[in-house]
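Those sequence lines, one after another, are chains A and B. If you're matching positions, the first sequence starts at 30 in this note's numbering and goes up one per residue. If you're matching positions, the second sequence starts at 981 in this note's numbering and goes up one per residue.
If you are wondering where the hints come from, they were derived from the structure by calculation, not from laboratory data. Watch out, some of these pointers could steer you wrong.
Unchecked claim - As a list, the in silico BS3-like pairs of lysine-lysine whose alpha-carbon atoms are at most 30 Å apart:
| hint | chain 1 | residue 1 | chain 2 | residue 2 |
| --- | --- | --- | --- | --- |
| 1 | B | K1335 | A | K192 |
| 2 | A | K180 | A | K89 |
| 3 | A | K169 | B | K1270 |
| 4 | B | K1226 | A | K192 |
| 5 | B | K1335 | B | K1270 |
| 6 | A | K180 | B | K1226 |
| 7 | A | K192 | A | K50 |
| 8 | B | K1270 | B | K1226 |
| 9 | A | K78 | B | K1270 |
| 10 | B | K1226 | A | K50 |
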Amino acid sequence: MTTIDNGVNVQALLDAREVLKGAPEAAQFTWRANSKWTKGVHSTTTIEKFFGLGQEQTHKAETEFASDHPAVFAAEDNGITPIEYLLVGLAGCLTAGVASVAQNRGIQLRSVEATVEGNHDIRGILGADSDVRNGYNDIKVTFHIDADASKEEIEALVAQSQKRSAVFDALTNPTDVTVEVA
Amino acid sequence: MSAERVTTVVVGAGHAGLAASHFLTARSIDHVVLERGAVANSWRRERWDSLRLLTPNWLSRLPGLDYDGPDPDGYQTAGEVVDLIERFAAVTGAPVRTETALTSLSRTDDGYHLVTSAGELNSRSVVLASGACNVPVTPAFAAAVPPSVHQVTPFDYRSPVHLPQGGVLVVGASATGVQIAAELQRSGRQVILSTGEHVRMPRTHRDRDVLWWMDASGVWDQRYDEVDDLTRARRLPSPQLVGGPKRETLDLNALTDLGVELVGRWAAVREGRALFSGGLRNVCSLADLKMNRLLAGFDQWAGITSPAEEHAPTRVPARTRLTLDLGSGEIGTIVWATGFRPDYRWLDVPVLDEKGRLRHEGGVTGSPGLYALGLPLLRRRRSTFLNGIEDDARFVIDHLAASLATPR
Ligand SMILES: Cc1cc2nc3c(=O)[nH]c(=O)nc-3n(C[C@H](O)[C@H](O)[C@H](O)COP(=O)(O)OP(=O)(O)OC[C@H]3O[C@@H](n4cnc5c(N)ncnc54)[C@H](O)[C@@H]3O)c2cc1C
């Protein structure tokens, strides 16, 4: 019996893993977002419903996300830049992973903080230099973790959380993306 | 035409099938060993020229055949392994039928019906020892590689001189991948090594072969039912080890020193370009952490507290390339060192899982009288290697004999 508690129901996740091994259809999820242009480079995206475990699912509440660009881009800054949402996703995903792996390994966490920096050469999106890519050149995540564990164990937590991270995979590996006009 | 009857048929005359025969003979169970080619076929036909075992001679022992040569710490060439297995076949007097391929295996009321290229057989029991590495596995996107690039698997690869001009992209950093990458780079080719999850190991730890530690400390004795995630453990890539007189370590740092360029796991081909993962740093730190934990475990087992030789963390280039234009001529060849799988096309008994893997409990399948030997981590971690066969074959043949003795 572990007495540590990071607030992650690891048993439920392990049970789900066993069940879904034999039921790959139920493991198919579709995440959805709907966005609407406001004005300029400002748009609002809402997220509420998704599909999973064979049926439609709904978040407890609908969430709205504003995307815009900062004043240095000559915009109104009504929200964060879309590419910054990738940092939100990465930080959220890796941190969740750290907490889950720690729970599973019986490691009590006291604090987990991460700084995520994405280096971006904007000459790409401006079309100023065709050799420069549009997206991030690289991303660096720095974790500060206070836990009842050795430095090695903490490094292992962070490594394992990357190994099982959806967003880390989505950012480090190509994904087939289709964009259509309906 | 009536089929021939034997009590037991063993499929495959590699060391596993011959070990089964050894224990069957010891119990006077009449049997035949079917072999599509010659004894030790895999070592004759499916290995590259320079291959040496990564397991030292003293560990390459077979039931009743300990290494008795002059170099217990050396590593055998594929040709020497052929000699070893032939000697084993001779010593055990195994009833091998060479050039006899099994083409169908199905259940009957009281056992199994086997169709071979040289007639039919009926038996009460069957031991599958047809090998775990019959087919090299390649990813589906291999089909999207432009035809100007030559592609080989470890089964076709013989030596650097047989490859067309130009650089080589080696895919996969298991023992096979690192060995072939090193050999090609040394031959003067520029090699790019695409690296996913891998198992890093130093050749020696505290002046002993790292496999001595695996053997002595009990790591290799861990049983299949004690392993946390068995499916994963059975799919573990082979360790980055090479056998050679200098007992060199062949990890990614050694390859970098040779001039090999590391890139991440190959994820896709798009518009004639290979796309590599940006996650190389993570797979390297996972491998470093696991290696350090393994070595610390050895020391703990041995009760040694003095600091051991430090292994520098894997040096990952500050910026790995994420794409490679396959049509640019930079590389002329791709070597797919992306693993192997067994071939069960002839198996008409429902014992495969949804991924085509044999379902078994430590070598005992759910179909009475049907057994397996020679699969990774079949009963213990050492099952993956030559020296694991003795205990596995003894257990499986004991089980087989007991089931024959039970009245039906
Ligand atoms: C590249 C490589 C390097 C390896 N290096 C090492 C090492 O250094 N040390 C170590 O301990 N292990 C090593 N192994 C692992 C293992 O020892 C070998 O795979 C070994 O060949 C396995 O022996 P086996 O008897 O199980 O199978 P195999 O040697 O493959 O024997 C199976 C036999 O079955 C025959 N066969 C298959 N299908 C049929 C059929 N339908 N009908 C009739 N006959 C059939 C084949 O022709 C073959 O002769 C290595 C494996 C590979 C692939």
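Checked hints:
no.	hint	result
1	K1335/B to K192/A	holds, 22 Å
2	K180/A to K89/A	violated, 37 Å
3	K169/A to K1270/B	holds, 23 Å
4	K1226/B to K192/A	violated, 35 Å
5	K1335/B to K1270/B	holds, 27 Å
6	K180/A to K1226/B	violated, 35 Å
7	K192/A to K50/A	holds, 19 Å
8	K1270/B to K1226/B	holds, 25 Å
9	K78/A to K1270/B	violated, 40 Å
10	K1226/B to K50/A	violated, 45 Å
The structure fails hints 2, 4, 6, 9, 10 (numbered hints given earlier, in ascending order).
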